[in-house]
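Number of protein chains: 2
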Amino acid sequence: MKPIQVGLLGIGTVGGGVFNVLKRNQAEIMRRAGRGIALSMVADLDTARAQAIAGSQAQVVSDARAVIANPDIDIVVELIGGYGIARQLVTEAIEAGKHVVTANKALLAVHGTEIFAAAHRRGVMVGFEAAVAGGIPIIKALREGLTANRIEWIAGIINGTTNFILSEMRDKGLDFDVVLKEAQRLGYAEADPTFDIEGVDAAHKATIMCSIAFGIPVQFERAYVEGITRLAAQDIRYAEQLGYRIKLLGITKRVAKGIELRVHPSLVPAKRLIANVEGAMNAVVVQGDAVGTTLHYGKGAGSEPTASAVIADLVDITRLHTADAAHRVPHLAFQPDQMSDQPVLPMDEVVTSYYLRLRVADQAGVLAQVTGLLANAGISVDAMLQRGAGEGRGDEGTSEVRQTDLIILTHSVREGTMNQVIAQMQALATVLAPIVRIRKEELA
Amino acid sequence: MKPIQVGLLGIGTVGGGVFNVLKRNQAEIMRRAGRGIALSMVADLDTARAQAIAGSQAQVVSDARAVIANPDIDIVVELIGGYGIARQLVTEAIEAGKHVVTANKALLAVHGTEIFAAAHRRGVMVGFEAAVAGGIPIIKALREGLTANRIEWIAGIINGTTNFILSEMRDKGLDFDVVLKEAQRLGYAEADPTFDIEGVDAAHKATIMCSIAFGIPVQFERAYVEGITRLAAQDIRYAEQLGYRIKLLGITKRVAKGIELRVHPSLVPAKRLIANVEGAMNAVVVQGDAVGTTLHYGKGAGSEPTASAVIADLVDITRLHTADAAHRVPHLAFQPDQMSDQPVLPMDEVVTSYYLRLRVADQAGVLAQVTGLLANAGISVDAMLQRGAGEGRGDEGTSEVRQTDLIILTHSVREGTMNQVIAQMQALATVLAPIVRIRKEELA
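Chain order of the listed sequences is A and B.
In this text, residue positions in the first sequence follow the numbering used here: the first is 11, and each later residue adds one.
In this text, residue positions in the second sequence follow the numbering used here: the first is 11, and each later residue adds one.
By construction, these hints were calculated from the structure, which means they are not laboratory data.
Watch out, some of these pointers could steer you wrong.
Since the list gives no way to pick out one identical chain from another, each pair is judged satisfied if it fits inside one copy or across any two copies.
Unchecked claim - Mimicking BS3-like on lysine-lysine, the simulated pairs with C-alpha atoms at most 25 Å apart in a straight line are:
#, residue 1, residue 2
1, K281, K33
2, K182, K33
3, K281, K182
4, K33, K267
5, K267, K191
6, K12, K267
7, K182, K267
8, K12, K281
9, K182, K12
10, K281, K191
11, K267, K281
12, K12, K33
Construct the entire structure; sequences and hints are all you get.
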């Protein structure tokens with residue numbers, strides 16, 4: 011049988027990986043897929059570089075629309091990224107009856123609903139395993155492997171840049187700014203790292219997993235997004251002393267009132283496997299009602315790990331593109347006419363536990379004031395730690411008032427209630443600096 | 011559309027789980043699968059108990075062949091286990107044109123070749139996600155999620171009973187026999203625990219993963235199988251002091267000469283995630299040439315985790331049973347006419363590193379003798395530890411000769427060579443007890 015014909019839009023790091031892996035492993039992939047996969051056409055503005063990567067195997071063009079218009083092309087792989095031209099090209103490819111594979115999490119988290127609807131109408135498949143957690147086959151696990159389960163929650167380290175930064179901050183006791191520069195030097199962070207460090211990239215991925223887990227439309231605009239830029243080395247150290255690590259988690263959870271969808275730094279018990287995922291690695295924990303806890307770990311980015319996911323989608327499409335749509339797995343796991351309208355909850359409605367750090371005057375009665383406010387709001391304290399202010403950072407003597415750090419771990423409480431109490435605490439004359447608040451997840 | 015009709019052979023722990031999960035989550039599973047799944051018939055010798063579990067939903071019979079003969083049944087789920095009647099029934103079900111789902115690793119590891127060939131001839135699917143690592147969707151990850159990769163090796167904790175025992179031995183410093191009794195009392199080990207503690211169960215699962223990873227026929231008879239019954243608490247403690255944990259690993263690996271397939275206790279660096287998988291949990295590490303390292307963690311046994319895998323197969327079959335065979339994933343990942351004849355290597359040909367413990371006379375020259383033998387064979391030493399004999403076990407003074415424990419970690423060497431050197435060491439007059447040898451895997 012003639013190999014299935016694939017056209018690539020954009021041949022950067024990932025595109026080069028797709029080329030290399032398909033070339034290196036073509037015999038083995040064909041023995042599995044039962045049919046060859048030929049990357050026969052590439053569109054990139056830099057045609058010289060594209061030709062250098064693609065060699066003589068592929069036709070290189072500068073116009074992506076020439077790939078879409080080519081009737082010999084069966085599958086279009088979009089590796090341009092972003093919501094702009096990528097959105098137009100994916101839509102045009104679908105309308106032209108091409109199957110699409112994309113690693114573009116931003117596009118799917120924001121415009122997934124219209125894209126999947128168009129694909130459904132046109133009877134084509136959109137593969138996006140590479141959009142979440144790189145080489146880890148988490149989309150397949152959620153959509154197919156765990157399909158018997160009512161998913162309860164998902165919590166993932168789904169951004170390698172921030173996990174690298176947090177690992178370094180902890181290992182070396184350094185502050186965020188210092189480590190960010192180091193990460194940029196090593197290529198773990200981009201020149202403009204905003205999307206990573208502000209949590210946006212993780213929120214795109216969490217949004218996609220949320221839809222697949224709970225059968226609701228993608229709605230990135232409702233995700234709560236908080237990055238790691240304000241994390242202090244000091245809090246990482248205090249968390250450690252209390253038996254926790256701080257990780258940037260993408261969390262989505264089904265509760266009685268609706269669905270939680272949030273990305274923020276979280277304390278995680280140090281003994282959990284996911285707390286021990288270091289460097290640029292990714293890991294996703296899925297809690298299902300039948301299976302219990304599963305964890306899926308691997309490289310979340312990089313040329314060949316991402317290519318691994320792209321090619322897995324190519325093989326799936328090679329296998330199923332001539333089958334009718336009922337034989338395929340629905341894009342968002344649930345049949346398009348069986349989606350749920352469960353609301354994504356505002357952050358105030360989220361119930362979780364907290365790490366609080368208060369810089370207070372070291373004088374009698376302060377602790378009573380603070381714990382009194384918590385008690386009035388019905389918030390119970392799980393653990394408490396008192397340390398010399400800015401311990402080990404040499405700023406103990408800079409103020410005229412003797413200061414101390416009060417670290418409190420709370421039990422679960424509604425975020426809205428917690429915010430009110432934090433405001434009350436902040437108003438106390440004995441609280442001398444902005445209160446640090448980091449959420450805490452037991453993941454049990 | 012009428013629900014797909016499923017018949018269950020054997021309704022014990024797992025069968026009950028399948029019933030419960032399908033009942034509890036039927037709405038959600040149907041929203042995903044696009045079609046209902048009805049467990050309409052159950053065969054069990056204990057019809058009264060079967061009826062109590064199945065309730066009024068299913069017809070209960072004592073004769074499994076009545077299920078196979080029923081033309082309304084689309085899928086037969088075999089949960090009897092073993093190679094005897096289960097083999098006959100699975101074969102008959104296939105010949106009757108039924109799709110089959112089974113959790114029976116023993117059957118597939120030994121008779122998989124004939125079963126998959128029969129299924130291929132008859133055009134039916136045999137799902138066996140539940141046969142390896144319970145609820146972890148590892149078969150799907152290997153067959154589909156990582157299909158772009160040349161798999162380099164797989165190493166897994168794939169038997170919960172032995173991992174529970176090893177965790178307890180380490181935590182509490184207890185010996186194997188004591189912990190086994192405790193495990194039996196708690197239900198983590200069976201009354202006859204032989205298959206688990208001798209490594210047979212893990213070897214069945216490793217055999218299946220080996221075939222899927224490397225495209226060779228299942229050949230359990232060539233697997234090297236060593237259990238945990240001879241492990242001493244002492245060696246767990248020494249390993250710990252050297253930075254290692256001891257785990258029973260199922261390992262399969264592609265090397266130049268062929269395929270390794272082996273189950274035995276292994277030292278693993280304590281910092282690896284898999285070294286921190288405790289209790290009855292399972293985890294499988296897969297090394298692919300494109301994706302790098304992935305790890306898949308979850309419950310490897312139990313009623314509902316196993317049911318989660320069985321139902322995932324039911325959904326896959328529901329989706330694909332009307333598609334032609336080319337649209338389905340081959341049973342062993344590779345197309346049946348594309349299997350490899352790479353040999354499974356005898357254990358003597360395996361290259362790995364070792365932990366050795368020698369009880370030696372505490373006198374001058376012994377160390378030189380021992381290390382001289384290693385050097386003569388070209389085996390280099392990675393680390394060494396000398397400790398008072400039977401440290402902390404109170405048997406230091408039971409002999410007239412002063413004794414000491416010599417613990418040696420070697421670098422990689424052919425097992426055949428290692429065996430020769432161990433024999434030479436054992437023949438030394440200064441070596442006072444049988445040498446303990448445990449393999450060591452860096453998993454990097």
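Outcome of the hint check:
no.: 1; hint: K281 to K33; in the structure: neither (42 Å within a copy, 35 Å between copies)
no.: 2; hint: K182 to K33; in the structure: neither (41 Å within a copy, 52 Å between copies)
no.: 3; hint: K281 to K182; in the structure: both (20 Å within a copy, 18 Å between copies)
no.: 4; hint: K33 to K267; in the structure: between (50 Å within a copy, 24 Å between copies)
no.: 5; hint: K267 to K191; in the structure: neither (42 Å within a copy, 46 Å between copies)
no.: 6; hint: K12 to K267; in the structure: neither (52 Å within a copy, 33 Å between copies)
no.: 7; hint: K182 to K267; in the structure: neither (42 Å within a copy, 44 Å between copies)
no.: 8; hint: K12 to K281; in the structure: neither (52 Å within a copy, 48 Å between copies)
no.: 9; hint: K182 to K12; in the structure: neither (55 Å within a copy, 61 Å between copies)
no.: 10; hint: K281 to K191; in the structure: neither (30 Å within a copy, 27 Å between copies)
no.: 11; hint: K267 to K281; in the structure: neither (31 Å within a copy, 40 Å between copies)
no.: 12; hint: K12 to K33; in the structure: within (17 Å within a copy, 45 Å between copies)
Checked against the numbered hints above, the structure breaks hints 1, 2, 5, 6, 7, 8, 9, 10, 11 and satisfies the rest.
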